[in-house]
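> Sequence:
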Amino acid sequence: MKVEKYREMEFGTLKQGYFNSAYFGPLPNRAKTAGVSAIEHSQNPVDFPYSRWRGLPDQVRDQFGVLLGVSGDNISHHGAVSEVISYISIGLNFRDSGSVVLMEGDYPSNVLPWMLNQKRSGYQITKLSEKYFRDPGLLRNELPKNTRVLNLSHVMFNTGRSNNIKEIGKICRERDILFIVDVSQSLGGISLSKEEIESCDVVVGATYKWLLSPYGHAFAYWSDNALNLIENTHLSWQTFINGTESEDLLKYSIEALPGARKFDRGQAPNLIGMNALLKTLELFIEVGLENIEEHNKNLVSYFLNNYPKEKYDLITPLGEHKNILALKAINEGNPLALENSLRKNGIEASVREGNLRLSFHLFNNLKETDILLEALDQLNEI
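According to my numbering, the residues represented by the sequence shown are 4 to 385, in order.
Where hints are given, some of them may not hold.
[Said to hold, decoys possible] Using 16 Å as the maximum straight-line C-alpha spacing, the simulated EDC-like pairs for lysine to aspartate or glutamate come out as follows:
1. K169 - D179
2. K169 - E201
3. K312 - E201
4. K134 - E145
5. K169 - E323
Read the hints as simulated data drawn from the structure, not as lab findings. The structure presented is a predicted model; accordingly, all values stated were derived computationally and were not measured.
Could you put the whole structure together from the sequences, leaning on the hints where they help?
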């Protein structure tokens, strides 16, 4: 079945052209149905035996494993990307006062936890400008000799520029640097190759954007190397070794569950969110990330070939773009006014750092893209 068919099947309630998955992804019908069913069962908890709701995180783990081509045992569940980065910043041994390398202008979730825990853990923070991440040769020469961690986004939230994580990952492997990649603005809209995943030590992402799931969940993939290096610094009744059986809860132990489960947030089995996420991941597996990426790529190419270039500057560098495009009106009009005017014309987009940000996903089509193009052409004089 063509990707376009899923617009009516799963996203028929969208009232207008929605080019805003980088902000918040719309929930598919099957995920809504699963969420409503979970609410109904929650009204009568006898319908949720212990083993069933405690088993939800592992079901979702396995779905992520299929989607990414990794073992579900290497997947953990969290409330946010910043939660994962916080665990790493505290749990990694920095006795040699190593350096953490970040990119200037990256999303706060990849920066603030390192800033907060710097004094506690004793590492240094080095921020490098974007130019070094665009050229692996420059990056290799600029990285401090004592670099222990490199943390960055796969696709930038404000410009849509993508980082070559495969090549950057090679540098990290050469230097024994822990490589953390935030895929919140990529996975779901594009696929990740086996080589890209294997180049990373930790892949982390919020699921409410391009993975079209309820707000309040993030996942992390931990390589075996990362699982060995990063100490577990928190424990809950659901992550300690005896928490899997209700009759063993008072057999206290500080031994955690094996693999990535030890990093799970305490309330991982969110009944409503997990059931909806399970169905959304099922949709992505059914359609295929490669097919979605190709669909989105075609829409982006169509837009780039037809947008009024004399009226808008393209902020996203050509050749480094993926599923997000950022534009700025040449007349330097109010970008928020442009956003509001697009909404009145049936187009939903967003403004980030003064740029109009457009996101293209599986539920978008050429007809909507034409409406977007026409609206941009007409609204330029704002």
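> Confirm or reject each hint.
Outcome of the hint check:
1. In summary, the hint linking K169 to D179 is supported, as the alpha carbons are separated by about 15 Å, within the 16 Å threshold.
2. A C-alpha spacing of about 8 Å is found between K169 and E201, which places the hinted pair at or below 16 Å, so the restraint holds.
3. Straight-line distance between C-alpha atoms of K312 and E201 comes to about 39 Å, which puts the hinted pair past the 16 Å bound.
4. Taken as a hint, the K134 and E145 pair is honoured in the structure, with Cα atoms around 11 Å apart against an allowance of 16 Å.
5. Of the supplied pair hints, the one linking K169 and E323 holds, its CA atoms being roughly 14 Å apart against a limit of 16 Å.
Violated hint: 3 only; the structure is consistent with all others.
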